[in-house]
Amino acid sequence: MIRQSDGVSLSAIINPESIIFLEGRLSKEEVVRQLTEKILPAVSGVISRKALFDRVAEVEKLNPVLESGFYIPHAKFPDLDGFHAVLGITPEGFPDAATGLTVKAVLLLLSPHKPEFFQRHLNMLSLLSQTFQPEFIERLAALKDPAEVYALIQSK
Amino acid sequence: MVPNPRFKQVFVLSTAMLSFISFWKAASIVLCDFGSSAYYAGGIAMNAFGPAFPWFIMGVMLFSGLMLGVYTESCIMFVRGGVYVVVREAMGKVMAKLSVSALIFDYTLTGPISSVTAGLYLGSLLENIMPLLHINWHVPGRAFAVIFAVIVTVYFWRENIRGIEESADNNLKIISFVAVVAVVLIAWSGVTLYLRGFTLPPFVPEFTPKALGWTTEFPWIKAVGAVGLIMAFGHSILALSGLETLAQVYREIEDPKVENLKKTVVTIFFFSIFFTGLLTFISALIIPGDLIAGKYADNLLSGLAIELSGPYWARLLMQVAVVISGTLMLVGAVNTSFVGSNGVLNRVADDGILHDWFRNLHKKFGTTHRLINIIAVTQILIILISRGDIFLLGEAYSFGVLWSLTFDTLSMIILRFRKRDEEREWMFPFNIKRNNIYVPVGMMAVLMVLLAATGMNMLTKKVATIGGVLFTMTFFTIFHISEKLNEEKARLYAPDEDNDEKMNLRREADINTVVPELTKARRVLVPVRNPNNLVHLASVLETVSDDDTDIIVLSAKIAKGIQVGGETMSDEDKEVFSAVVLLAEKYGKTVKPIFVFSNDPFYSMAQVAQAAGADEIVMGVSGSSGAEIQLERLAMAWGMLKKADARVKPVLAKVVWEGRQMTYQLS
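So the sequences go chain by chain: A and B.
Counting in my numbering, the first sequence runs from 1 upward without gaps.
Counting in my numbering, the second sequence runs from 1 upward without gaps.
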């Protein structure tokens, strides 16, 4: 049995450089693809481009959009040693066919695929879904600059 | 803020059927039926074969220990067992229908014989009390008994239509009172025997011509030797009536189930030996033979009280105590006959061999009123036809008892061969192991005794044979026709969609209305979906003590869209709950089943867990997604539901599958 209460914080995975604004009417797949491109340089030393895109495309089908309108496609890789994330803000939002919800915030999360890390992975998912509630997402979508987004996240 | 309500409807399965009882209460329920024969078995046996009766009643009580052993093995194998289920598993539906028809005859007669006996005891008491009150009224014993029996039957008819549950607490109080009266009676009898001395009754039975039945047509059957013993045993075996109640009550026995079953059985056995066996024996030692055959033939224990040594007022007080205890126990047996026969008929109806017409529910009380009406009318007719003649009722009584015991024992023997690989937590003793079969030599010996007594009773008990065969064939025909009609109906129509009440469901608007019903210190939430994948629930039931833990079983039905209201449970959903209830019964632990309509099962789990303040969420592994994804989705739902400034108790989230589990914390 693994019981860890490892603390996690959003500031550990999100910084102004890991936040992008995605303008225009995009599809879910396109949003995820752009986030994957954005995260690739950070992990390219240990994960190949093909492996990353293939795995993210796989999880994109598995991970549902949350009822809050927040979407967390997440994938685990054995060679990672820590979290990597990119936050995408889509002010216009994109429709999710499965739930009928409009999604304005997406966070692509990559975690180490190691049993000892899984507790932190769960904690992070829980923290993200707790933080990104509908009102908060609307406030983020109204911002124009990654630094402002980062500041608002920091203030939570 | 979460934009939409996720629960469309919350169904809660009534907890009444899922509360479990101690072995004391279980034993008292059985004894209210089984033990009540102490009040009439001796008199009826005396009437059939004379002063040797106490030996045979004691013999039957000792034999009850063997039958309790057979029932113990069958109960452990089938939590919801009883003759019908056991025989169906061993010999198929036709034999099961036959055996249950005979059993219904037993239950149907239990009411009249018990209520008439209670009336006779009350009548005899009034006969003694009236002169003391200077009331010059001769109580017409049998007429009084008939009127009393009809009133009692009508009373329980009404109560059962209204759905008043039999209370195990009341049964325990009755048996406790009866036990106190019995101890005083035995102690006082001991003093009386010490003062007066005694002579043991003869062992050789002397049969009345009526008790020989059709055997007089066969000159080669002599009522002597072994044949005489079997005949006398057969005339005494009505004292075994009520054992089937053990099979009906087993599902309600609390954890540890098997241990408590064994304690129940031992309690029943010793109570029966001392109460029915010993008191009947003592009666024969203290009451003069002519009074046993005459004045006290139909109220033997009343006679014992009056014939003790001591002042009359004290003996009369003892008689009052005996009559009150007897009336309570016998009247309780009348209710058991209603509940038992209704329960057995509902059980067979579940198996599709009773037409839905019989199962029609009362509009106001939701009870199977047509079944109850049939039972009540039949019982009243029997009471009126008997005209209060307890010997006539006793003559008819043992048919159903013997046949159901014979079928049950035979089936258990067959199952030793057919289910040879099934592990048994306890086996009836005296077995010879050959290959991987435990050949049940002990049970075979029991069966031999039963078959001998059954065969002999068919010849000696004319009323039982004619009445029993007619009754059994009537019910068998009803079952057979019903089964055909149900098969026809199943081919023509879709299943009835509006039968929620049969599962004791109640609707709640919100999960929070259910939370106050959770009163224990710890709470474990067990989500379920597949009735064939309840390994995780079994592991919780195995390891968790329901003394300090509420076990909440949650089934979430995926409903697309968020409109409120109108949903009903499908047969598949009910199948899940039936499996949950069966498992809870197997372990004897109380669970709180909750069914919700939701568009996300993980959201439902998190919401129920947070509302209930759960300490653990124990999931079964999903074949389609796997344990890790289940935990991830639960973690996201958990976080989404947490309010920013609210303190939510951390919960352990487990995924359990065969031999493995993953445990993490959600905080």
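Read the hints as simulated data drawn from the structure, not as lab findings.
These numbers were taken from a predicted model, which means no experiment stands behind them.
Just so it is clear, CB atoms sit at the ideal spot from N, CA and C, and this is done for glycine as well.
Do not rely on the hints blindly, as some may be mistaken.
When the alpha-carbon atoms are kept at most 30 Å apart in a straight line, the in silico DSBU-like pairs for lysine-lysine are as follows [stated by the list, open to error]:
#, chain 1, residue 1, chain 2, residue 2
1, B, K93, B, K419
2, A, K28, A, K156
3, A, K76, B, K643
4, B, K93, A, K156
5, B, K649, A, K114
6, B, K649, B, K520
7, B, K649, A, K76
8, A, K28, B, K643
9, A, K61, B, K643
10, A, K156, B, K520
11, A, K144, B, K643
12, A, K50, A, K156
13, A, K61, A, K114
Residues of chain B placed beyond 12 Å of chain A at every Cβ, according to the derived structure [said to hold, decoys possible]:
#, residue
14, M130
15, K173
16, T215
17, M458
18, M473
19, S570
20, E628
21, L631
22, E632
23, M636
24, A637
25, K642
26, K643
27, V648
So, going through the hints one by one against the coordinates:
{"no.": "1", "hint": "K93/B - K419/B", "in the structure": "17 Å, holds"}
{"no.": "2", "hint": "K28/A - K156/A", "in the structure": "27 Å, holds"}
{"no.": "3", "hint": "K76/A - K643/B", "in the structure": "28 Å, holds"}
{"no.": "4", "hint": "K93/B - K156/A", "in the structure": "68 Å, violated"}
{"no.": "5", "hint": "K649/B - K114/A", "in the structure": "27 Å, holds"}
{"no.": "6", "hint": "K649/B - K520/B", "in the structure": "16 Å, holds"}
{"no.": "7", "hint": "K649/B - K76/A", "in the structure": "28 Å, holds"}
{"no.": "8", "hint": "K28/A - K643/B", "in the structure": "28 Å, holds"}
{"no.": "9", "hint": "K61/A - K643/B", "in the structure": "28 Å, holds"}
{"no.": "10", "hint": "K156/A - K520/B", "in the structure": "36 Å, violated"}
{"no.": "11", "hint": "K144/A - K643/B", "in the structure": "27 Å, holds"}
{"no.": "12", "hint": "K50/A - K156/A", "in the structure": "36 Å, violated"}
{"no.": "13", "hint": "K61/A - K114/A", "in the structure": "22 Å, holds"}
{"no.": "14", "hint": "M130", "in the structure": "76 Å, holds"}
{"no.": "15", "hint": "K173", "in the structure": "47 Å, holds"}
{"no.": "16", "hint": "T215", "in the structure": "72 Å, holds"}
{"no.": "17", "hint": "M458", "in the structure": "64 Å, holds"}
{"no.": "18", "hint": "M473", "in the structure": "61 Å, holds"}
{"no.": "19", "hint": "S570", "in the structure": "23 Å, holds"}
{"no.": "20", "hint": "E628", "in the structure": "7 Å, violated"}
{"no.": "21", "hint": "L631", "in the structure": "6 Å, violated"}
{"no.": "22", "hint": "E632", "in the structure": "6 Å, violated"}
{"no.": "23", "hint": "M636", "in the structure": "4 Å, violated"}
{"no.": "24", "hint": "A637", "in the structure": "7 Å, violated"}
{"no.": "25", "hint": "K642", "in the structure": "5 Å, violated"}
{"no.": "26", "hint": "K643", "in the structure": "9 Å, violated"}
{"no.": "27", "hint": "V648", "in the structure": "9 Å, violated"}
Hints 4, 10, 12, 20, 21, 22, 23, 24, 25, 26, 27 from the earlier list are contradicted by this structure; the remaining hints agree with it.
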